[in-house]
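Protein chains in written order, with the numbering used here: chain E, 109 to 363; chain G, 144 to 428; chain H, 1178 to 1523.
In short, the hints are calculated from the structure, not lab data.
Fair warning: there could be bad hints in the mix.
[Stated by the list, open to error] Below, a list of computed lysine-lysine pairs in the DSS-like style, where the Cα atoms sit at most 30 Å apart:
# : chain 1 : residue 1 : chain 2 : residue 2
1 : H       : K1375     : G       : K286
2 : G       : K207      : H       : K1373
3 : G       : K210      : H       : K1315
Predicted model only: the values in this text are computed from it and were never measured.
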Amino acid sequence: MKNLPVTSYLTGIYLFFYIPIIVLVAYSFNDAQYSLVWHGFSMRWYHELFQDGDLWIAVMHSLVLGVAAATIAMCVGGLAAISLFRYQFFGKRLLNGLIFILILSPDIVMGISLLILFSLLQVTLGFWSLLLAHITFCIPFVVVTVNSRIVSFDQYIFEAAKDLGATDTIILSRIILPLLWPALFAGWLMSFTLSIDDVIISYFVAGPDFEILPLKIYSMVRLGVKPEINALCTVMFCLTLLLILISQFALRKKP
Amino acid sequence: MKHHDRGLKHFSLSVIWLWLIVFALLPFCLVTLASFASHDDTHLLKLPLTLANYWQLNNAIYVKIFKQSFYIAGTCTLICLLLGYPFAYAIARMKHRFKGLLILFIIIPFWTSSLIRTYSMITMLKPKGIISSALMWSGIISKPLPLLFTDTAVMIGLVYNLLPFMVLPLLTNIERLDNRLIDAARDLGANRITTFRKIILPLTMPGILSGCILVFLPAMTIFYIPDLLGGSKSILLGNLIQNQFLIAQNWPLGSAISVVFTLLLAILLLIYWRSTRDKENRDLL
Amino acid sequence: MIRIVLAVIVVTSSLIGSVAFANENTLNIYTWSGVIPDFIIRQFEKETGIKVNFSTYDSNEIMYAKLKADKNPSYDIVEPSSYYIDRMRRQDMLETLDKTKLTNYKNLNPAFMHQAYDPQSSYSLPFIWGITGIFLNKDYFPSNSIKRWSDLWNTKYVDQIMLLDDSREVFSMAMRVLGYSANDSDPEHIKEAYLKLKTLLPNIKIFNSAPISILIDEDAAVGMVWNGDLFKAKKENSQLEFIYPKDGFVIWVDNFAIPKNAPHRENAYKFLDFMMRVDIAKAVALDNNFPTANLAAQKTLPTEIRDNPTVYPSQDVLRLGEFQTDIGDAALALYEKYWERLKMGG
């Protein structure tokens, strides 16, 4: 620790990041019905958390939505990235531009625009509207992730494969996909996380039949009536931590 | 063989085009159209088309909210930059064996639900929360600090949520910095400040800009942060738009606000795009 | 590789299928937050085998907007305040109730039926009622130091006051301070009330309609509150005090109703009848602490609640109250316009 100012600055920022989370974890053991002030140690919110059927349904809904949205976004986004890389076609720049705009357009504008679309098409707000919305906001992130990997490919591989008589489908399944799967997986993981975490867009296109976790947490936080939310946040934080550690180790093996 | 080729190409292209047109282009056109519509008690959107919604925005209150939003988002971006740059720099230049671990610890909050982090901020900022209690215990203040439900709380919440978005692009950018350039500048007699100003700052500009965009854009629209930390006094554009759609029932006005907002952002991005045109490094995201 | 992709697609689509086409024997309930406890919902599910999707709101406007935004009706039960019953009834948004399906209808308090907002009581069933009054925390301000709404304008409360996040409630307060009725619909008076409220802005710290943790943790020490919420918060913070403002206050009634073309009407009737049962209404009243509109249940409540002046005020006190009634769409729109301005800071 040769450089005290630097070390203390870094420590300060890390404390800023982590103290609120640590406090949250501590409060999840707080024995108080409504209050956020310390009243004594208790495990009862964890107990209540695991008893709360509605909450687990919301968790399940979010997981299904996340997996479905991420998978479809991965397929569509992957195809888009590959096409943009391999083919020349009319409107290529426009497509590129559209994807770029989609990344940069504010969540709230995307949320309301989809709400207007669904309202005009008379789509019932619920699972399908959420799924379509989530796929839409995940696609550009998959394209960007896959694209960053695909540009490092050697064009000659494809030329060689073509010369040897491989069709496009074979090139896709035998060359591109095997080389690309880490990027596709990264895109999938990113989409899944975005979907699980999204409040703003879901807020506009969700319906009563299909409650999802972020909206449930939002209403719990806003209406502040259930202390088990501390326990829930702690559990979710630990799961995120686990997921990050796993993905870090997985990525480290394959440089 | 040729036939096969076309099949796959056509299939992928039509899927992508169809998706983007129906779920991206069409909705944006609809918002623009809706911004010219009228409404009444029974119809959310109806004819005739009118410019009234845009005229309404000329009202001092709306102008104030636009200004305020840009001001708050701008301040938040600046704070994130001032806090994040030295932080990213110190970590990127570190040769410590824990460096990997330290980077991992920045990624963790980046991936943690922003709602959860906002909620944890509430527990911190309460008059009876940890900050007030600690300050009172140490004797710095005698009365609980009324932090929660103030603009300061909103700002703290925004910075807390968005700081990782500033740090990560900076980190990647600074890590790629060529040490030899800095050494060369030093050898040629430049002092620390000159080296920073003439070498480091220009070279890390792409990272700074990406970070600023990643912070600035969400800062204006995360409506739940002012909602939870600011006491429901609408202050950001996000709240205003949400309010028009889900409470006040004025879809045309909400659409008009969104259109103006998107245009303003587009102008900002265009400036960014122009300013980085010549540079080879245009690594947004 | 293709096989893996196919497997993923099959798994995903079966997941989608299992959720999207799940059990149809459901009921979508949308009520004010904090008025129906979870255990009641669970008991209903257990007794009937109906799966309940339960969501909550914290303002009539949000509920109304949600119903309007979705072209295909999706909620089966809503719980609007009386003046919204009137508005929604006039816009043909509510089902006429078939009372032959409601065996416990007789338990309801006749005092809350056949009111102006629903003259035939054909669209709504009163559920809870209450009073909008003032709270203060005795740790911060002396007991009884506030007597009337107009005291809130005192400069010593700068940046301290909590108001409900509810346009009608806040404007009613201003109307009473100005000496008008809480149900005034005169545009001039509404504007006057708006200007009066503007002068209160420096004192307002927060707008919130689900304030229990705010009351307990003393995030605000004085302000406007519903009596049931205060009673609930007082169990964890004994310093809280409820005051019936001397310049008059609002008595509100929240009612159950079935939105037009609700998808699960039969289940909705089962739920309404269930909620009017004496044992259920009693359990609900003991949990949400609001005065119940179920007279039969009210009689079975323990005396410390039945006689608690915060929950069931005496007839003498009630004389200062005024029932909240509909004011017409034009006036309501005006209230909302000024309300929006107010929340934007003027």
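Hint check:
1. K1375(H) to K286(G): holds (28 Å)
2. K207(G) to K1373(H): holds (21 Å)
3. K210(G) to K1315(H): violated (40 Å)
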